[in-house]
Every structure is written in structure tokens, then in C-alpha cells.
Amino acid sequence: MPEELRNQMEEIKLVLERANITYIQLVDCEADDLITSFVRQNKKTDANLIFDIFTRDKDLLQLLDEKTNILKYVNGKITLYAKEDFQQEYNFPAPNFADYLSLLGDNVDNVKGVRGIGTVGAKNLIRQFQTVENIYQQKNNLPENSRKLLENCQEEVYLNKKIVGLEDNISLPTKLYEKCDFN
Numbered sequence: 074m075p076e077e078l079r080n081q082m083e084e085i086k087l088v089l090e091r092a093n094i095t096y097i098q099l100v101d102c103e104a105d106d107l108i109t110s111f112v113r114q115n116k117k118t119d120a121n122l123i124f125d126i127f128t129r130d131k132d133l134l135q136l137l138d139e140k141t142n143i144l145k146y147v148n149g150k151i152t153l154y155a156k157e158d159f160q161q162e163y164n165f166p167a168p169n170f171a172d173y174l175s176l177l178g179d180n181v182d183n184v185k186g187v188r189g190i191g192t193v194g195a196k197n198l199i200r201q202f203q204t205v206e207n208i209y210q211q212k213n214n215l216p217e218n219s220r221k222l223l224e225n226c227q228e229e230v231y232l233n234k235k236i237v238g239l240e241d242n243i244s245l246p247t248k249l250y251e252k253c254d255f256n
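Just so we're aligned, residue 74 is where the sequence shown starts under our numbering, counting upward by one.
Rather than coming from a laboratory, the hints here were simulated on the basis of the structure. A couple of the hints might just be wrong.
Unchecked claim - In silico DSS-like pairs for lysine-lysine, Cα to Cα no more than 25 angstroms straight-line:
{"id": "1", "residue 1": "221", "residue 2": "234"}
{"id": "2", "residue 1": "185", "residue 2": "150"}
{"id": "3", "residue 1": "185", "residue 2": "234"}
{"id": "4", "residue 1": "117", "residue 2": "150"}
{"id": "5", "residue 1": "117", "residue 2": "235"}
{"id": "6", "residue 1": "185", "residue 2": "196"}
{"id": "7", "residue 1": "156", "residue 2": "145"}
{"id": "8", "residue 1": "221", "residue 2": "131"}
{"id": "9", "residue 1": "185", "residue 2": "235"}
{"id": "10", "residue 1": "131", "residue 2": "150"}
{"id": "11", "residue 1": "212", "residue 2": "235"}
{"id": "12", "residue 1": "150", "residue 2": "116"}
{"id": "13", "residue 1": "116", "residue 2": "131"}
{"id": "14", "residue 1": "156", "residue 2": "131"}
{"id": "15", "residue 1": "145", "residue 2": "86"}
{"id": "16", "residue 1": "117", "residue 2": "131"}
{"id": "17", "residue 1": "235", "residue 2": "131"}
Note that this is a predicted model, so its numbers are computed, not measured.
Required output: the full structure, derived from the provided sequences and hints.
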């Protein structure tokens, strides 16, 4: 980590501590995987918990459900983005968002996607087959154009899914959420 960034991190930690805000910091850990682990592990502890995640990381849209929302910063305003909003925009379940991105690509994660599939094609494939694994298992049922586009990049698509997918295996202290309740 560059020294300038390290100094900024130390300053941020001081501000958080002075404001009595709990934070989690782990080295060698993706922030989206840390958030995913935190949400999923605490849901197992207490199924009534509701999570509102403030982020610009679209990978975290995979977490949307009845008790997990995303707070997005759009046009200078904070907007609540819920499971229903995702469903209306994409017309497939939020947990399949990694499959969608693995076909479409994601510049932020440096994932190229399948050349020629595009937004509409990726949405249609996920609506019909739900996962990239199902797409490849049933590739003979695909239109010829889609099949040709997908044929030579199966390994890349599976790797893409691994890259944009969320991990929830980071070990965290139990009931850590109690320290994060600011109500």
C-alpha cells in the first residue's frame, strides 16, 4: 500500500474511532467479500436483521433480498435500491447477477465478457437459463448465433463468474453486528 494511502487510512480510522463508529479492517481481503461474509454470517445468527449497504460496487447487488438493500448515490441523492427495483430493472433474481456480469463483462473488475452478447442478450440468457452453468449444459438449445458466440469462451465465462462472484467465507467475530447498530 502506498505510504500516502496508508496515512489516509490511519486518519480515517481516527475519525471513525472519535465518532464511535465501528469498522472492520482486514488485510488481503476484498471489501465486497468482507461485506458479504458479514451480512450472510449475521443473517444466520439473527434472521430478523435488515441490512442497508451503502456502496457503488455493483457486485454487491447479488446480495439483494427481502432484508438486504443497497443505498446508491445517484445524481447527488442517496437512493434505496431494493430487491423489487433490481427485479424490475433486470427481470431475473439478484443472486444471478454474477452470471449476468460474467457474460456481459465488467470494466471495474477487468472482466471482458462474451464479445457480441451485449446487455439484452445477457439478460435474455439469464432469464431463460438462470446460470452460466445451465447455459453451457443446454447450449444445444441456444439460437445458433448465441451458441457460436459462447462456444469458444466457456473457461473465460466461468473464470469471470469466479471474479465477480461474492465470497462469504471470511471468519468474523460472532454478533459483530451488535457493535454496528447505530439506532
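Compare the distance between the alpha carbons of residue 221 and residue 234 with 25 angstroms, and conclude whether the hinted pair is satisfied.
-> holds, 20 angstroms
Assess, step by step, whether the Cα of residue 117 is no farther than 25 angstroms from the Cα of residue 235, and give holds or violated.
-> Holds, because 24 angstroms separates the two Cα atoms, which is no more than 25 angstroms.
Verify the proposed pairing of residue 221 with residue 131, using a straight-line Cα cut of 25 angstroms.
-> Since the Cα atoms of residue 221 and residue 131 sit roughly 29 angstroms apart, the hinted pair is violated (cutoff 25 angstroms).
Between residue 185 and residue 196, does the CA-CA distance stay at or below 25 angstroms?
-> holds, 16 angstroms
Taking 25 angstroms as the top limit, are the C-alpha atoms of residue 131 and residue 150 close enough?
-> holds, 17 angstroms
Restraint status (C-alpha distance of residue 150 to residue 116 at most 25 angstroms) | violated, 28 angstroms
Going straight from one Cα to the other, do residue 212 and residue 235 come out at no more than 25 angstroms?
-> holds, 20 angstroms
Regarding the pair residue 185 and residue 234, is the alpha-carbon distance no greater than 25 angstroms?
-> The given pair, whose Cα atoms are some 11 angstroms apart, holds under the 25 angstroms limit.
Decide if the proposed pair is consistent with the structure: residue 116 and residue 131, CA atoms, cutoff 25 angstroms inclusive.
-> holds, 21 angstroms
Quick one, are residue 235 and residue 131 close enough, alpha carbons at most 25 angstroms?
-> holds, 15 angstroms
Quick one, are residue 185 and residue 235 close enough, alpha carbons at most 25 angstroms?
-> Roughly 13 angstroms separates the two Cα atoms, so the pair holds.
Given the hinted pair residue 156 and residue 131, is their alpha-carbon gap at most 25 angstroms?
-> holds, 13 angstroms
Going through the hint list in order, the structure does not satisfy hints 2, 4, 8 and 12.
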